[in-house]
Amino acid sequence: MARDRRILAGVAGLGLIGLLIGGAFAGLAFEAARDWSGAAAAFDAYLVRVAGFTLWQATLSTLLSVAPAILVARALARHPAFPGRGLVLKLFLVPLALPAIVAAMGVLALLGRAGLFADPLTALTGSRWQGIYGLSGILVAHVFFNLPLAARLLLQALEAVPADQWRLAAQLGMGASASFRLIEWPALRAALPGVAGLVFMLCVTSFTIVLTLGGGPAATTLEVAIYQALRFDFDPARAVALTALQIALTAAAVLFLLRLGADMAGDASLPVAPRRPAVAGAAERVVNAAIILAALLFVAGPLAAVTVSGLRADLARLAREPAVHAATLTSLVLALCAALLCVALSLALAAARRALEMKRPRTARPSLLERMLDTGAGFVLVVPPIVVGAGWFVALRGTGQVFAAAPVMVIAVNAVMAMPFAIRAIRPAWDAASARHERLAAQLGITGLARLRLIDWPSIRRPAFTALAFAMALSLGDLGVIALFGSDSVQTLPYLLLARMGSYRTMDAAGLALILGAVCLALTMLAERGRAAR
Amino acid sequence: MRINPSILVAATLALAAAPAAAQDKLTVYTYDSFTAEWGPGPAVEKAFEAECGCDLEFVAVADGVALLNRLRLEGKGTRADIVLGLDTNLTFEARQTGLFAPHGVTLDRVSVPGGWDDDTFVPYDYGYFAFVYDSEAIETPPASLRELVEAGPEEKIVIQDPRTSTPGLGLLLWVKAVYGDEAAGAWARLKDKVLTVTPGWSEAYGLFTSGEAAMVLSYTTSPAYHEIAEGSTRYKAAGFAKGHYLQVEVAARTLRGADNPLAQKFLDFMTTPAFQDAIPEANWMFPAGETSGPLDPAFDGLVKPERTLALDAEEVAENRQAWIDEWLAAMSR
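Sequence order for the protein chains is A and B. Quick note on this note's numbering: the first sequence kicks off at 1 and runs consecutively. Quick note on this note's numbering: the second sequence kicks off at 1 and runs consecutively.
Everything labelled a hint here was simulated from the structure, so no lab data went into it. These figures come from a predicted structure and were not determined experimentally. A couple of the hints might just be wrong.
Mimicking SDA-like on lysine to any residue, the simulated pairs with C-alpha atoms at most 20 angstroms apart in a straight line are [unchecked claim]:
id : chain 1 : residue 1 : chain 2 : residue 2
1  : B       : Lys25     : A       : Ala218
2  : B       : Lys193    : A       : Gly134
3  : B       : Lys76     : A       : Thr399
4  : B       : Lys156    : A       : Gln130
5  : B       : Lys193    : A       : Thr399
6  : B       : Lys193    : A       : Ala114
7  : B       : Lys191    : A       : Ala218
8  : B       : Lys156    : A       : Thr399
9  : B       : Lys156    : A       : Gly115
10 : B       : Lys156    : A       : Arg128
11 : B       : Lys156    : A       : Phe117
12 : B       : Lys191    : A       : Arg128
13 : B       : Lys193    : A       : Gln130
14 : A       : Lys359    : A       : Ala114
15 : B       : Lys76     : A       : Ala395
16 : B       : Lys156    : A       : Arg397
17 : B       : Lys156    : A       : Ser136
18 : B       : Lys156    : A       : Ala395
19 : B       : Lys76     : A       : Arg397
20 : B       : Lys76     : A       : Phe403
These stretches of chain B come out as covered by chain A in the derived footprint (C-beta under 8 angstroms, 3 or more residues) [what the hints assert, rightly or not]:
id : segment
21 : 186 to 200
22 : 212 to 223
To spell it out: a stretch of chain B is covered by chain A in this simulated footprint if at least three of its residues, at any positions, have a beta carbon under 8 angstroms from a beta carbon of chain A; those stretches are [claimed, not checked]:
id : segment
23 : 31 to 39
24 : 203 to 209
25 : 268 to 279
26 : 286 to 299
All C-beta atoms in this analysis are idealised placements derived from N, C-alpha and C, irrespective of residue type, glycine included.
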């Protein structure tokens, strides 16, 4: 019985995602029904080139983000007591909360034509350094966003490995390579397709970074074409067709990634060992420290640039402005609501997927529903926010309450948009806990909420709080859906930042970017405290 | 499934609250830099409310294009009485929607370069696109668009994408107005000079002020902001002898607004000093009507184009896609 209830909850969660995207599509399709000609006209040679570039840059960005992230996650996992480890993990969440243009300016402050490294690079290359515009600029910015994200998610997978395995490895005297092959790689391999798929989807939909750092319209993604179709040309039919294409292409890529992965066999024994001991030798310690340091510098560099330019702003005045107070409060409330909703939905989906997995014979292929519960939520990421916003605007306009609906929409969309991250963080731990506790719970007859509280929660509270931190960071930085709903109804910090930037107040914008980063860091610290506390 | 109950409550309340329909209320849709606390909105609201004894409500969206889209999506059910903030490149398409009513006010008090004669749209300010440069990095700026195009690629410029940005579209039309059928060739020459093409004005101007490029596509009025608000004369606009492309911002009343007497009152008010006084130093554009006093001297020092370039709104609407394709082809090579 309990099992079925879990599946029902998951299906309901999936239904909400479907409703959010389906409703938007229905709204736009209704608007497009007047004239479908734009849909067919969208497919021309230009589109083929744009689609090609979109996939090419997303593939490269994913490779460059995820491959180093494996090393970083492994290094972090093997040194639980690395000095400053907690701060590194928190810093790794900050890029998620930054609007793309702020991150782009951070990267340019170092590698731009007038960046910190422009003179050495000029000396090195022998000609005036023209800035990192073009494909390389896009890749650097994408890696800045996604390497820390991938590293944290992979670390989560490694931390779900039962402590006993590590103890056994230490007792057997396994070296670094043996424990990687036998313990770490299986865990990483199970998580990699999902993480790579997530990064891929984020890069497919990149917009501001691709245009700003791409150097010219040769660097154009499908997202730009969708935006143009809906905004300048107001052609809902073309926007719907292009979005469908974007989803189809991404689905193909993600399915391909899934075939590369493997499901990890659960470990049904109960953990008896305490948190695992460090197992690295001296030489490995040095290498791992170098890896962590390199990743930290890569992420901290642009963040430091953002901080430096933020400190030049009149922070004292900004901190006194009522508009800033209101925006900060709005951002906090929205982020918190969205994050709680997101974690609840993600738990429901993870639990339902696991329940389905246990129902089928081990050798049987997972059903479509089971796959959807795992990766389905991810496709929310490739539906452009402007499509969700415009679609729901059309759907809601009849009610006359579009303005009042704005905060609800923002929370729902942010919660669902953060789910792919949250599920990646929660699922490995949930599955591992389930593998260990299922029989015990059945024997003791503990079900429902009692089981969640007594048995499952202790194992998943760490990833659940990580997911909460992810979701809050993401929601803090979001801008997308607000645009069409009337910007004055939901004034968030990123919105205020762009508004200042759009009216010559660049210094204010830099100061607000710093405040946004600080708020994100503070929220992450709170979430991590919850994660550690017992 | 667990859903935060407060969301359900909020949603229910939102749907239950009936729209308050007050007689003496005017709803104006505009862009958000107009209603920002530093924009002209607050002063305009105060002045008009004092004059009419009514309630003026602004609803803000991102920019002029979003404004037109918003109206298209809402159609006849819109709450807007007035739409304020379309520009001359959008008026043709705006008229096509059939959602606007004739303004019914006298245009005697407004004057914009090239004159104005339109029964639907009333201009409230105007500006010229210009390349703004950093005088600490450039001593002699180009003196015409041709000079800019033909100068070598050493000095970089930042421009905006015509597919996503109003100034970007403005430059596209500017080049078209100057070069006509040879525009593609001009873009091919300009390509290597373009450091990058940003999605909007903010990103481009941010790159410019952070020193990435010494020149950016903006407005002739941009230096006035730096002089008045920051006391700096470092950034200047390059005056182009053969003229600058003009942008006129307009307002109009909707069909709904035609039934609200306050709408015509507002359009009339818009042409008076009470409204126009708020434009120069809050919207950073030139007022289309008389102000109660002379403008800040910083405005006198600005580039004054001897010739005004502007293409017909209908021509722009019909050719925009073809011209953007031409731009894409030249710039992607």
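Here is what the structure says about each hint:
1. Lys25(B) x Ala218(A): Given pair Lys25(B), Ala218(A) is violated - Cα atoms ~49 angstroms apart, limit 20 angstroms.
2. Lys193(B) x Gly134(A): Given that 20 angstroms is the threshold and the Cα spacing comes to 14 angstroms, the pair holds.
3. Lys76(B) x Thr399(A): holds (14 angstroms)
4. Lys156(B) x Gln130(A): holds (9 angstroms)
5. Lys193(B) x Thr399(A): Answer violated: Lys193(B) to Thr399(A) is near 50 angstroms, above 20 angstroms.
6. Lys193(B) x Ala114(A): holds (16 angstroms)
7. Lys191(B) x Ala218(A): holds (11 angstroms)
8. Lys156(B) x Thr399(A): Measuring from Cα to Cα gives roughly 50 angstroms; hence the hint is violated.
9. Lys156(B) x Gly115(A): holds (15 angstroms)
10. Lys156(B) x Arg128(A): holds (12 angstroms)
11. Lys156(B) x Phe117(A): Distance of about 18 angstroms is within 20 angstroms: holds.
12. Lys191(B) x Arg128(A): Within the cut-off at roughly 18 angstroms; holds.
13. Lys193(B) x Gln130(A): With Cα atoms ~11 angstroms apart, Lys193(B) and Gln130(A) stay inside 20 angstroms; holds.
14. Lys359(A) x Ala114(A): Roughly 60 angstroms separates the two Cα atoms, so the pair is violated.
15. Lys76(B) x Ala395(A): Holds, at roughly 15 angstroms.
16. Lys156(B) x Arg397(A): Between Lys156(B) and Arg397(A) the Cα gap is close to 45 angstroms, so the pair fails against 20 angstroms, i.e. violated.
17. Lys156(B) x Ser136(A): holds (19 angstroms)
18. Lys156(B) x Ala395(A): violated (45 angstroms)
19. Lys76(B) x Arg397(A): holds (11 angstroms)
20. Lys76(B) x Phe403(A): holds (17 angstroms)
21. 186 to 200: holds (count 8)
22. 212 to 223: The restraint on the segment 212 to 223 of chain B holds, since 3 of its residues have a Cβ under 8 angstroms from chain A and three suffice.
23. 31 to 39: holds (count 7)
24. 203 to 209: Holds: 5 residues of the segment 203 to 209 of chain B have a Cβ under 8 angstroms from chain A.
25. 268 to 279: violated (count 0)
26. 286 to 299: Check failed, 0 qualifying residues.
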